[in-house]
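Enquirer: Start from chain A and add chains B and C according to the hints.
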Amino acid sequence: MSKKWEVSVVGIILALGGLITSIPFIWMILSSFKTEREALSVPPTLIPNNVTLQNYIDLFNKLDFDIYLYNTMIIVFFSMIGLLLNTMAGYGFAIYRFRYKEILFLLVLATLMIPNQVTMIPTYLLVNTMGLTNTMTGIVLPGLISAYSLFLIRQFMATIPMDLIEAARLDGANEFRIFFNLILPLSKPIISIQMIFAFIGAWNSFLWPLIIANDDKLYTLSVGMSLLKGQYSTSFALQMAGATFMVIPILIIFTIFQRNIVQGFNMTGIK
Amino acid sequence: MSRLIFKISPFIFIGPAILLLFIFSIIPIVMSLIISFTDMDLVGLANWSKVSFIGFDNFGRLFNDPIFLKSIVNTLMYVGIGVPIVICLSLGIALLLNYSTSALFSGFRAIYYMPSITNIVAVAIIWGFLYNQEYGLFNYLLSLIDIEKVPWLEDPFVAKLSLILLAVWKGIGVDMIIFLAALQSIPKMYYEAADIDGANRWQKFKYVTLPSLSFAIFFVVVTKLIGWLQFFEEPFVMTGGGPLDGTVSMALFIYQEGFEYSRFGYASAASFVLFAVIIGITLVQFTLRKSDK
Amino acid sequence: MKKIKWIMIASLLVCFAFIMTACGSNSASSSEEPLKIWAMGAEGQKLKEFAKNFEEEHGIKTDVLAVPWGDAHDKILTAVAAGEGPDVLQIGNTWVAEFGEAGTFLDLTEYVESEEYPNLNQDNFFPSSTQTTVYNDKVLAVPYIIDTRVLFYRTDLLEQAGYPDGPATWDETLDAARTLAARGPDKNGFEIDQGSHHIPMMFAWEHGWDYDISKGAENFADPKFKQAMELYHQLFDEDLAQLEAGKETVQAFADGTNPMFISGPYMVNTIKEQAPEIEGKWNVKVMPKAETSNSIAGGSHFSVFHSSERVEDALTFINYMADPETQVEWYKEAFTLPTVKAAWEDPALKNDPMIKVFGEQIEMTKAFPVMAEYEFMAKELLKTLEQINRGGKSVDEALAEYQKEVEKILSE
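Protein chains in written order, with our numbering: chain A, 378 to 648; chain B, 207 to 499; chain C, 250 to 661.
The shape of chain A in the complex, shown without the other chains:
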């Protein structure tokens, strides 16, 4: 479609922009191999003068790694279930007509409009009344549904041609078969994006697990990392090692799922 030289020009532009964009990220990784002093020095060095692995050694020595990882993985797992519920709801809002749909949807959006900090204490009181403090349920349940992802899915699902669904209905498929066998495969790109977002959110979950947990057996990786800080010591290089470590799985997930994004909606089979 496009000429070859055009692609090259675009490639060069993107490369330049990408270089500028990624400097802080690269710097974060390189800093994790610096000594504390060098990591904070002004003007900063990009390449470490003395490469050290000490930060990573400290990281793994000081952290109750297995427990934190286990908890974080559970939260990730539940976030995927949340994603399924979000997808179903997004589909429901996109395809069906029912009474009070607009109002219900605005209500969903309204939950995005109040800063989280304001509702934190009321939510905590609620979870406490249900007896769910200090449980994994109390940690995952309030965050299961994300209005943001529900909205995004609704927007994409709304572009699915209704004829497709009508055709399936005429073939005798029930609503749930249509959803699972037709809609989900069609929506692979957007679900892949949502999986990336949900994974990142769950993987980095910090304040809520901390508030709900009264036992460090429920702490997540992020909480564990922030415990490396003393009252006054910043241990910046150590934090960078932690941040770098935390980002690796995200990059892996991103690389796996982003391939689906460019496949586009699979429109074969549209009559």
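The set of hints was computed from the structure by calculation and includes no laboratory data.
Heads up, the beta-carbon is just placed ideally off N, CA and C, and yes, glycines get one too.
Check the hints yourself; a few may be wrong.
Said to hold, decoys possible - Selected chain C positions facing chain A (Cβ under 10 angstroms, derived; list incomplete):
id, residue
1, V316
2, G319
3, T327
4, P514
5, A524
6, V606
Expert: Frame of chain A; chains B and C shown alone:
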């Protein structure tokens, strides 16, 4: 029987999500709304009998609070400058990335996504260095072309722009990915048809690409406005609202009043002012979109 | 694609099973529950191990939950809201009044006087530590760690400026700072952490000012307070200290950019670790004198949550932690300064020349006023100083406004 199932199926699809949202989001929001009419503070939190309703006092006080008024102005500035920039840039980058599906380009996708997954502490420190007035990289580069030192974070007005730049950098990745997915979902045959009609590049963009993206653009505009009206993280980690309250945003104001000063009633009231602004803007967008159709 | 569907359905089932078991397991509580303790940050993490000694000695099981420093306040807030918390909790000493007013802590007055817990006796501690444990005539906490600030200075550079042993008074400090700032455009005489409310408060105490709770906002009309704020302003006004963000503290100290700054005990180790090249070229000294050399008494206390059912065990633990021997052990473990006077007789503290300076300084410390509004007043003070140093307001005008602001805060 099957008719009944068909009738209730929408509610089976949306039911679980709505139920959970209702319990864990709507009820707490209603609770905060009630709190916004009280003088709830730390003592009141421990002992609810000491909380009293004070009507609209909190709201009245808010509009006489110079810092709150300042935070409104600042927030509008963040939104007014930041949102258009971030949307145009992420759409632009997505269009460029869409040129090719080669390995190189998928590598670029990851690179442009990186800022949004960079740890916020790392972001704060590295941008702190970039913006450092005396030793920072930006001022060093400017000094090469004989431009005087820019007080990036030291001047109330410039600091706002600096925070916008940072937020744009951090925010592009997510929207870019969404636009990219939307671009990929445009059926190739639309372009082929346009080619047959002899459309030029601009016409194809205007009559094929943009309309096909409208659902994604709508999503991004709505969520960006909601998100930027709650601009928080950047001033929180970079400036704490200073210098001279020049960068304090409404969300930061709410956080400081609520969690640093434990004035929960007052902070709740402020958040409902913010809520009113956001819902007003969102409703306008929904109405506009409807009249578009 | 079929696979995805089955994975999703299966995971949904697992999810509900999970919720069921999670609810179930929570309700089962054993009679042998450990004593719940909340401690903070990396130090709290260390306390977990450290408490093993206590378990052995007293046969009481403990469960120490380390809470990151930055989020401890939020965490306690939610505990207060729910009325349920740990048995023992570590609190910053400026939080006593704030949470005390909300009834968060058990009144310990009768216990600190009882024979049963001899280590809790208030006479064992530095008075500026115990001062912040009392609110509304009730003892609400027991000191755990004391923290104070001293002057860090480069001996070699100060020698050039004529003060080889560091400046003793603020006049000498200003004089030295002027000489050192004149070394070049990118050199300073002093470093001030503008985010810390400790520093202006210390300046005020050093000028003989003190906060009198009965006087309220009037306190800030005191000419001594004004003098102190003028000194603070002078450091920036004369370009002795850098107003804009510059180099990081240790780096600037090591390369000589900032030859003097004010900091706490943790900085001793930080400099030793990060800047070994200036070993022997720096020292610490008690705060420069104006009328006094008073510094702050910061630190943490232990308190008992009001709804705890394990008061005796909690007190046994606090009593253990307040033992002079434990305090020395804990100093060696976490490098936080003992607040029990007797602990300072130990050679580990007495024979360390730099730590000795901190010991001297502790004798000259003032405590923050124990009032719920203190932290708000302090934050407001920093904003006022920003108005003076950056906003170009005169000290008089800014302080008059500050006084009004404090009146407002106090009247709430």
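Enquirer: Hint by hint, say whether it matches the structure.
Expert: Checked hints:
For V316(C), the interface hint holds, since its Cβ comes within 10 angstroms of a Cβ in chain A; the closest pair sits about 7 angstroms apart. Contact between G319(C) and chain A, as hinted, is supported at the beta carbon level, the nearest pair being about 7 angstroms apart and thus within 10 angstroms. Checking T327(C) against chain A: minimum C-beta separation of about 5 angstroms stays under 10 angstroms; hint holds. This hint holds: P514(C) has a C-beta 9 angstroms from the nearest C-beta of chain A, less than the 10 angstroms allowed.
Nearest Cβ of chain A to the Cβ of A524(C): about 7 angstroms, under the 10 angstroms cut. The hint holds. For V606(C), the interface hint is violated, the least distance from its beta-carbon to any beta-carbon of chain A being 18 angstroms, above 10 angstroms.
Figure legend: structure checked against the earlier numbered hints; the only hint not met is number 6.
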